[in-house]
Each structure stands twice: as structure tokens, then as C-alpha cells.
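**Student:** One letter stands for each residue in the lines below.
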Amino acid sequence: KQEVTQIPAALSVPEGENLVLNCSFTDSAIYNLQWFRQDPGKGLTSLLLIQSSQREQTSGRLNASLDKSSGRSTLYIAASQPGDSATYLCAVRAGSARQLTFGSGTQLTVLP
Amino acid sequence: NAGVTQTPKFQVLKTGQSMTLQCAQDMNHEYMSWYRQDPGMGLRLIHYSVGAGITDQGEVPNGYNVSRSTTEDFPLRLLSAAPSQTSVYFCASSSNSGGAFEETQYFGPGTRLLVL
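Those sequence lines, one after another, are chains E and L. Quick note: the first sequence uses the working numbering, first residue 8, plus one each step. Quick note: the second sequence uses the working numbering, first residue 195, plus one each step.
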């Protein structure tokens, strides 16, 4: 059974700092991996999707990498801002079905 | 485009009551799913559907029923609510057309359910 782990569970950084969020998964036979953002009391917003054949994806200040063989992904946030404060979740899709297996998230706080 | 909408936003039930959580999407997506989110446990898949008339179970289906009579709607029914079903419920949808963009899953704002 696929398991997804995100460490740390919470992270607090000063504004302007570059930071890395980690995601690991136990079964490397994945179809793709997605990073989501969740604001308090809100739904999930997709940030980046990396197909299994890709090594990384970039969107603005965000860069996500994927190392399938080691079962790891990282989300790099450059020049963090207070508006980046949210919970970040990674999720993997295994096989042809569209079901996602989620990690429990990293709660990020960017201090002004 | 309203995207994925869910009603109600918040609901309090007594043990044994039944209710239906509504989910609708206006993006003509074939794939729809229901997740529950509990503290420290991430999101877990309850049921999903790959198109009208087709549904299947996810990781935690017990106590829930679904049906998919139209492409747009995917309601989740709690037959006899239990305190263990206190959670936040999210509906999601995506296209089956293939390609990285179409793969993206869109989530609704969630329904917060408290079962007493």
C-alpha cells in the first residue's frame, strides 16, 4: 500500500527566506505527483504536477522536483512571503486510476 | 465557471441521522471523487466515479453511498451518521482526456460535518 510522508509537519521561517518542503513515498511505481496548497478553512489548490517521466516543474517562485527511484519529491519556494503561509500537501497517483494518496501536509508560516 | 461547488458548508447531525452532501462541477469533467480530511491523516479517498453511471470504492467507503446520474453531480450519502464520520469532506474533479493540464484535480471548498 502506498504511503506518503511529509516532514516536517510545521515550519516557520522569516520573510524572504528560500525554503524546501519534503515529500516521500513508499512505492516508486507512480504515475505522477502533485503539490497542493490549502489555506485555513478552504479547499485545495493545485500548484504543480510532475509526471513520472519528468524530473521537475516550475511555476513562478515554486519549483518541484521528483526522484522516483528514491521515492522523494521536494517543493522549493524562493523568496518566501507572508502570503505563502498555508498548508502544503503532496499527493501521488499510482496507475491508470485517478485516485490520489495524500501526505498529511506541512504547515508553513512565513513571518513578516 | 464556478468550478467545483459543495453544499452545505457546515452541518451538524445527530448519531443515526442521514444526509446527502452535494457536489457539482461545471467543467464537464468525467472523473469525480470524494475525500475526507481528518487532523494529522491527510485526505483519504471515499468513493470515486469515472463517468456517469460508474462508481467505485476508495480507501474508506464504509458508511457512505454514492451515485452518478449526470456528469455534473456526484452526491455523497451518509446512511446512518456516526461520530467517527465527523470530518471535513472534499469533492474533486478532473478530466479524463489525458495530458498534464487535464490531469490536474480541482477541489471544492469542503463541507464540515459534526456528528454528535
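Hints are computed from structural coordinates only; laboratory data are not their basis. All values derive from a computational prediction rather than experimental measurement. Beta carbons are placed, not taken as given, at the ideal position from N, Cα and C, and that holds for glycine. Wrong hints could be hidden among the right ones.
Short derived list, chain E residues pointing at chain L, Cβ under 7 angstroms [to be verified]:
1) Gln9
2) Thr12
3) Ile14
4) Pro47
5) Gly50
6) Lys75
Calculated pairs, BS3-like style, for lysine-lysine (alpha carbon to alpha carbon, straight line, at most 27 angstroms) [to be verified]:
7) L:Lys208 to E:Lys75
8) E:Lys49 to L:Lys203
9) E:Lys75 to E:Lys8
**Student:** Each of the hints needs a verdict: does it hold here or not?
**Tutor:** Comparing the hints with the structure gives:
1. Gln9: Because about 10 angstroms separates Gln9 (chain E) from the closest Cβ in chain L, which is outside the 7 angstroms limit, the hint is violated.
2. Thr12: At about 10 angstroms, which exceeds the 7 angstroms cut-off, the nearest Cβ of chain L leaves the hint on Thr12 (chain E) violated.
3. Ile14: 13 angstroms, violated
4. Pro47: Cβ of Pro47 (chain E) sits 11 angstroms from chain L, so the hint is violated.
5. Gly50: 4 angstroms, holds
6. Lys75: 16 angstroms, violated
7. L:Lys208 to E:Lys75: 45 angstroms, violated
8. E:Lys49 to L:Lys203: Holds, at roughly 10 angstroms.
9. E:Lys75 to E:Lys8: Between Lys75 (chain E) and Lys8 (chain E) the Cα gap is close to 16 angstroms, so the pair holds against 27 angstroms.
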